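**Q** Here's the letter readout for the chains.
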Amino acid sequence: MKTKKLRAAALCLAGTVLLGFACPRAAAASARKDDEPVTLRVCSWEEYIDLGDWDEEELIELDNGAEIFGEDALYREFEQWYYDTYGKQVRVEYSCFGTNEDLYNQLTLGDTYDLVCPSDYMIMKLMAEGALEPYSESFFDRENEENYYINCVSPYIAKVFAENEINGESWDRYAAGYMWGVTGVLYNPELMTEEEASTWAVFDNPKFFRQITLKDNVRDTYFSTLGYLRQKELMDETFRSAADYHEKLGDMMNDVSPETIDEVEELLGHIMGNIYALETDSGKADMVTGKIAANYQWSGDAVYAMDQAEEDGVYLQFAVPEECTNLWFDGWVMLKAGIGDDTEKKQAAEAFVNFLSIPENAVRNMYYIGYTSAISGGDDDTVFSYLNWCYGAEDDEEDAVDYPVGYFFSEDGDDESYTVHASAEQIGRQLYTQYPSQEVISRAAVMGYFDETQTHNINQMWINVRCLDVRDIPLWCWLLALCAVIAAAAAAVVYRKNHTLE
Amino acid sequence: MGVFRFSRKQLGIPYAVFLICFVAAPLLVIIYYAFTNGEGRFTLGNLTGFFTSPYTIGTLAYSFAIAVATTCVCLLLAYPIAYILARSRWKAKSVVIVMFVMPMWINFTLRITALKEILTVIEGNLAFHPFLNTIIGMTYDFLPFMILPMYTTLLKLDQSLLEAAADLGADPFQVFLKVTLPLSVPGIISGVVMVFLPSMTNYVVLDMLYNSTYIMGSLIGSYFSAYDWHNGSMIALILLLIILVFTLVTDRYADEDAGNRGGALL
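From first to last, the protein sequence lines are chains C and Y. The first sequence lines up with residues 990 to 1491 when you count with the working numbering. The second sequence lines up with residues 263 to 528 when you count with the working numbering.
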């Protein structure tokens, strides 16, 4: 009887385990019938696409005549647009992930998606592992008007995507830029000067003891600490004016040799003694409530935080450290595991990227999430008009300044027609954050992906910094613990002694 | 053809399935990962790694410190309240009890968010007292779990025993020390179990109250998010063993008082 039960239990167990492993694979393998609509499984960051449902007064009327209004979620509108354009049905299953690592874990555990939107280094990692499906030749055909991505992407972004390579292949075959930005310090100008905020050393500044937060994220924190560690070299004039400055900067900020990691660990341990805390999302609100004077921030979140703070009458500013900054991207990549040989699906996935790259839709996303779209619009000046709509000074404003953004909008970086006539207060605020100046861009470095050993090493460094070192526990704590143990044991003994009186 | 006959045992099937899917199977996976390395080969390296690293041992010590402090504070706060509530003949008593239980109806992250603002008003800068804030947050979170079992035990306490003790000449303090306290031990034990173990791993409270030091829960999470399933699983397994030992020890005390054997104590 007993063995029978055991066997049944074992069978049950094996069944569940098998089911759990087999199900997603079986679902992925089953072929779609021809008359069924394509199902496109899209996974992106939370709050990273316009979900529509705008109020009527939110209608954006641009100088170029475009009227932009978010009716429905963009991925819903895509289904209609796809049918109107290609005459085919598509159904979008849209889901979200929390961090790049979460997404990667989901993919390795068997979740299948067709189109995902991870950050630069995760794109590189997936590329290196051969998990990505390249975009088809026709996607890059400028003649086709429906190819909004290739026709509207910023020349600057296109250049970065073409220059960065993994295994001898450049990113742009596999990834289409979605949002981009730099990292820096969001600060409250009433508590901190621009000069104080414009360096990675700010986190170690004793003047702001327990008043600044860093990101609870090993890559960001490693970058900022490394920037502080290498401050002298990074600020050196000969280093900066060297012909291969950019290459050297990239190498320096991607240095994960064991010696450098040790140095960063020591410095970071010191910084931890000065900062307020590590945060992932609370920093924005804490700036508004005045808990902290500054925090490490991605430019997109900084714009969002500044917008939110203004509603409460708090005016925040963004500074990009003089040493260097981390240029980051999120991009759409197709997964081999999801797309497979399904050409219809691939077409739908590419069309989805093109649909999001329509300048009007890029503006809707920017308006909704505050990040900077990789789309400049090409011949269409909707995005530039939106910039003027957001930040352009009134005609009678006296202290207006010219803010050139030509590097982003035109092939010729010095094109003066792309200059925003903005009110002076925008410098250091949203405009500067959303579209950093050419000068900021010149000291930007992409942080690549690290191989398994390197990743393990920096993660171990992070754990060491975050954990209490048993050797640091003072003697009185041990004595206190000893007393507590003795007291507990004594109580137990007394209790048991009384108990056995019967 | 066999006729399907419903028996009471079959009512347990859904739970058995649940147990297999969400307890037994994951446990096996954890054990597998804990004793393998990246290449899938058997290793004890994760185990020895845990006990030789000053950082993991330090984290274990820190988690213990938080759990012990939280449990003590909860105990000291909850016992008098439970005692007063159980002994009083006050009619509005149930209202007071509801007031203690009410926080449990609200999601604890919301409550900690509110607590954060209150503490900021009191302390000015939360970053100066991370350990204290953590204890306050945990206590706020777990206090109802301590009060309720103690209240139930004290409520069931036979009044005649106390009267007998007083009749035999014990003063109120002696009555409390010799009768009430020993008889409430089962309540204390179940309260301690419900507070001590969760507070070793409840890292959300630390995150939300700006304590950047890892405890056991956050350490496991950090290994998992770095794709290191092996070390993470090993720590989870060690934590599980600690819980097992703790439960076995406390069970010995709780079990002996099961049933109404209180009279024998006198």
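In case anyone wonders, no lab produced these hints; they're calculated from the structure. Note that the structure is a prediction, hence the values are computed from the model and not measured. Watch out, some of these pointers could steer you wrong.
To be verified - Capping the alpha-carbon separation at 30 Å, the derived lysine-lysine pairs in DSS-like fashion look like this:
1) K1221(C) / K1196(C)
2) K1237(C) / K1221(C)
3) K1114(C) / K1148(C)
4) K440(Y) / K1486(C)
5) K378(Y) / K1196(C)
6) K378(Y) / K1273(C)
7) K1204(C) / K355(Y)
8) K1204(C) / K1237(C)
9) K1077(C) / K1273(C)
10) K440(Y) / K418(Y)
11) K1114(C) / K1204(C)
12) K378(Y) / K1486(C)
13) K418(Y) / K355(Y)
14) K440(Y) / K355(Y)
15) K1148(C) / K1237(C)
Stated by the list, open to error - A few chain C residues that face chain Y, going by a derived Cβ cut-off under 10 Å, partial list only:
16) D1091
17) K1237
18) S1271
19) K1273
20) W1451
21) V1454
22) A1470
Unchecked claim - Some chain C residues flagged as far from chain Y (calculated, every beta-carbon gap over 10 Å):
23) Y1093
24) T1182
25) L1267
26) L1324
27) D1370
28) A1473
29) A1481
Cβ coordinates follow ideal geometry from the N, Cα and C atoms, glycine included.
**Q** Taking the hints in turn, state whether each one holds.
**A** Now for the hints, and whether the structure bears them out:
1. K1221(C) / K1196(C): 21 Å, holds
2. K1237(C) / K1221(C): Given pair K1237(C), K1221(C) holds - Cα atoms ~14 Å apart, limit 30 Å.
3. K1114(C) / K1148(C): Answer holds: K1114(C) to K1148(C) is near 20 Å, not above 30 Å.
4. K440(Y) / K1486(C): The hint holds at about 13 Å.
5. K378(Y) / K1196(C): This hinted pair holds, its Cα atoms lying about 24 Å apart.
6. K378(Y) / K1273(C): Holds: K378(Y) and K1273(C) sit about 15 Å apart, inside 30 Å.
7. K1204(C) / K355(Y): 47 Å, violated
8. K1204(C) / K1237(C): This hinted pair holds, its Cα atoms lying about 26 Å apart.
9. K1077(C) / K1273(C): 43 Å, violated
10. K440(Y) / K418(Y): 17 Å, holds
11. K1114(C) / K1204(C): Judged against 30 Å, a Cα distance of about 22 Å means the pair holds.
12. K378(Y) / K1486(C): 45 Å, violated
13. K418(Y) / K355(Y): The hint holds at about 16 Å.
14. K440(Y) / K355(Y): Holds, because 26 Å separates the two Cα atoms, which is no more than 30 Å.
15. K1148(C) / K1237(C): 18 Å, holds
16. D1091: Holds. Min distance 7 Å.
17. K1237: Where the cut-off is 10 Å and the nearest Cβ of chain Y is about 29 Å from K1237(C), the hint is violated.
18. S1271: With a minimum Cβ separation of about 8 Å from chain Y (threshold 10 Å), the hint on S1271(C) holds.
19. K1273: 14 Å, violated
20. W1451: For W1451(C), the interface hint holds, since the closest Cβ of chain Y sits about 7 Å away, which is under 10 Å.
21. V1454: With a minimum Cβ separation of about 9 Å from chain Y (threshold 10 Å), the hint on V1454(C) holds.
22. A1470: 8 Å, holds
23. Y1093: Given that some Cβ of chain Y is not farther than 10 Å from that of Y1093(C), nearest at about 7 Å, it is violated.
24. T1182: Given that every Cβ of chain Y is farther than 10 Å from that of T1182(C), nearest at about 21 Å, it holds.
25. L1267: 5 Å, violated
26. L1324: With a cut-off of 10 Å, L1324(C) remains clear of chain Y, as the shortest Cβ separation is near 18 Å.
27. D1370: Given that every Cβ of chain Y is farther than 10 Å from that of D1370(C), nearest at about 43 Å, it holds.
28. A1473: 7 Å, violated
29. A1481: For A1481(C), whose nearest Cβ neighbour in chain Y is about 8 Å away, the distance does not exceed 10 Å, so it is violated.
Going down the numbered hints, you'll see the structure goes against 7, 9, 12, 17, 19, 23, 25, 28, 29, while the others check out.
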